[in-house]
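Single-letter residue listing:
Protein chains: 2
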Amino acid sequence: MISLQEDLKDIRKLSRIITTIENRQKGYKDILRKCFYHSGKSKIIGITGPPGAGKSTLTSSLIGVLREEGSSVAVLAIDPSSSFSGGAILGDRIRMLDYSLDEKVYIRSAATRGAMGGLCVAASDIITVLDAAGFDYILVETVGVGQDEIDVVKETDTVLLVLVPGLGDDIQALKAGIMEIADIFVVNKSDREGSDNLVREIEYILSLAEHGKKWNTPIIKTVASKNEGIKELSIQIKKHFDFICSNSLILQKRKERFSLKFKRLVLEGLETKIKNGPLKGEEEEKLLESFIKKEQDPYTAAEEIVESFILEELQ
Amino acid sequence: MISLQEDLKDIRKLSRIITTIENRQKGYKDILRKCFYHSGKSKIIGITGPPGAGKSTLTSSLIGVLREEGSSVAVLAIDPSSSFSGGAILGDRIRMLDYSLDEKVYIRSAATRGAMGGLCVAASDIITVLDAAGFDYILVETVGVGQDEIDVVKETDTVLLVLVPGLGDDIQALKAGIMEIADIFVVNKSDREGSDNLVREIEYILSLAEHGKKWNTPIIKTVASKNEGIKELSIQIKKHFDFICSNSLILQKRKERFSLKFKRLVLEGLETKIKNGPLKGEEEEKLLESFIKKEQDPYTAAEEIVESFILEELQ
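In order, the protein sequence lines correspond to chains A and B. Take any residue in the first sequence, note its place counting from 1, add 743, and you have its number in the working numbering. Take any residue in the second sequence, note its place counting from 1, add 743, and you have its number in the working numbering.
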């Protein structure tokens, strides 16, 4: 264990460990088990928002402010696992090369996994590793805007929703799902026309949703490319963290996180079992033949198998 | 059953049925069971490619050519299930309003479902319904480029990979995963500079991969906005369909489709069971508490539960 703890401090070894986790290579579970017992100390910040909102630049500026304070920072960028890996994603990352010589900064991309069940498992596990590695902050930035990424962000302590004027026409569409998980709104590129309107719109939507809520969701105007508003943002992040610590919210959040993680792990395990199980080979061939011949339908057959799983044994 | 068959012919009733399927509303499984036994006649065409390749315009033009021949066409557009529903997606759809009065054309968007396990189940099921409804062609168009959408396209009979000059710099990145599932390459916007280069690049990559393959993957140049090359494309689509019918490939493809569908259904069922099962409530609370207290880790606990599932009962 001591050696793993040491390895996690070494950026290059950390990278290799994360690759092991990501690819589900031999020994990954032992690493995760050990990491789990050393996790729980990092502040985990989710950064989400539509494409073009400047999330990467914001992340980059935020690293700067947090580093000035002496905090160590890990960034996990969640890329949609795409066969079409776009140039833009890479371009955004390049900005972060500013920190490539800083040992207290670690930047990593993770593809969301498209495999059924295995979805997001890796991202959630990488967070556990980074947490065990002792980073003060873990910034989880979504590149894409899919449900997968939002699901990952839901598991963070503090969620920043980054919006920009101009894209804001669609703020009504944002209401479903994402508005309620935002702990801090960031109006980035706020030197652009329309930023006051966007702030008012957010305020209005918040006013409809907020009664009864104890946390007063702040709206921070930033110009990330000029480092404007980033200090204020970091103050609000700390405020929010203090807030969730001062009541039982952090416990609740962690329970939810563990609950999601656990269910995903169970599903991942079952998926592997189904893939490698008796359904492969001759039995499966028979089943598929029966579908082809329309002797039975996959809906009924799947139902029967699900029924046959004995769940009473769950402890 | 007669009434369901009739309902499927009525576009408005069909829409309602698909909504029932998509939302997993009461009775959805009975509908699917019935549809399954009436499915298997449609030609299912997948249309995928990076954003900006003009997939929607191509789909729209293709509908035109297929309609001229008297074929009925259903379009299923797979949208990434996003809280940030972009205006672009809607804009693309609007072009298809040309066909809004044509009863032999049905256009539907389906969100890929982000829920673990439930992923893509709905899309695959909607295809079954459209198939049972008797459409000659089902065009499955991906809007996003996530793994989810690619997984859906994998289940079609013929996969069109749409590329455009200019975006083509990243063709190397495409090789992994997507190149091998393409049955027809479409170089769209081929009046743009660089289209010959793109064709050559594709030819080169195909030359590396194709030996031993019986199907000679064609590369079709189109300008979808001007309906150029679309007739040729439709001919190649038919050729490919004849090809897979003339050997056992279509059977193999259907088996693969059923296999994926079946496994997803099993996972979806298990997911529901896990969500509603004994893990909810007091038991789950105990488990989560034990994680919080670091008395045990979720990796080991999940493993134990997966082990406890009795798979020997699988028939």
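Everything labelled a hint here was simulated from the structure, so no lab data went into it. There may be inaccurate statements among the hints.
The list treats identical chains as interchangeable, and a pair is accepted whether it falls inside one copy or across any two copies.
As the list claims (entries may be wrong) - Computed list of lysine-lysine pairs in BS3-like fashion (alpha-carbon distance at most 25 angstroms, straight line):
#1 K769 <-> K996
#2 K1016 <-> K1006
#3 K752 <-> K957
#4 K1029 <-> K982
#5 K981 <-> K769
#6 K1036 <-> K777
#7 K756 <-> K964
#8 K974 <-> K1016
#9 K1029 <-> K772
#10 K1036 <-> K998
#11 K769 <-> K974
#12 K777 <-> K1006
#13 K777 <-> K969
#14 K964 <-> K772
#15 K1036 <-> K897
#16 K1036 <-> K772
#17 K777 <-> K974
#18 K752 <-> K1016
#19 K1037 <-> K974
#20 K1006 <-> K969
#21 K772 <-> K981
#22 K998 <-> K752
Values in this document were obtained by computation on a predicted structure and should not be read as measured data.
A quick look at each hint next to the structure:
| no. | hint | verdict |
| --- | --- | --- |
| 1 | K769 <-> K996 | neither (31 angstroms within a copy, 32 angstroms between copies) |
| 2 | K1016 <-> K1006 | both (15 angstroms within a copy, 11 angstroms between copies) |
| 3 | K752 <-> K957 | neither (38 angstroms within a copy, 52 angstroms between copies) |
| 4 | K1029 <-> K982 | neither (60 angstroms within a copy, 31 angstroms between copies) |
| 5 | K981 <-> K769 | neither (38 angstroms within a copy, 46 angstroms between copies) |
| 6 | K1036 <-> K777 | between (50 angstroms within a copy, 15 angstroms between copies) |
| 7 | K756 <-> K964 | neither (38 angstroms within a copy, 48 angstroms between copies) |
| 8 | K974 <-> K1016 | neither (49 angstroms within a copy, 46 angstroms between copies) |
| 9 | K1029 <-> K772 | between (34 angstroms within a copy, 23 angstroms between copies) |
| 10 | K1036 <-> K998 | between (47 angstroms within a copy, 11 angstroms between copies) |
| 11 | K769 <-> K974 | neither (43 angstroms within a copy, 51 angstroms between copies) |
| 12 | K777 <-> K1006 | within (19 angstroms within a copy, 32 angstroms between copies) |
| 13 | K777 <-> K969 | neither (41 angstroms within a copy, 60 angstroms between copies) |
| 14 | K964 <-> K772 | neither (42 angstroms within a copy, 49 angstroms between copies) |
| 15 | K1036 <-> K897 | between (44 angstroms within a copy, 22 angstroms between copies) |
| 16 | K1036 <-> K772 | between (42 angstroms within a copy, 20 angstroms between copies) |
| 17 | K777 <-> K974 | neither (35 angstroms within a copy, 60 angstroms between copies) |
| 18 | K752 <-> K1016 | neither (35 angstroms within a copy, 40 angstroms between copies) |
| 19 | K1037 <-> K974 | neither (64 angstroms within a copy, 35 angstroms between copies) |
| 20 | K1006 <-> K969 | neither (42 angstroms within a copy, 50 angstroms between copies) |
| 21 | K772 <-> K981 | neither (33 angstroms within a copy, 48 angstroms between copies) |
| 22 | K998 <-> K752 | neither (27 angstroms within a copy, 49 angstroms between copies) |
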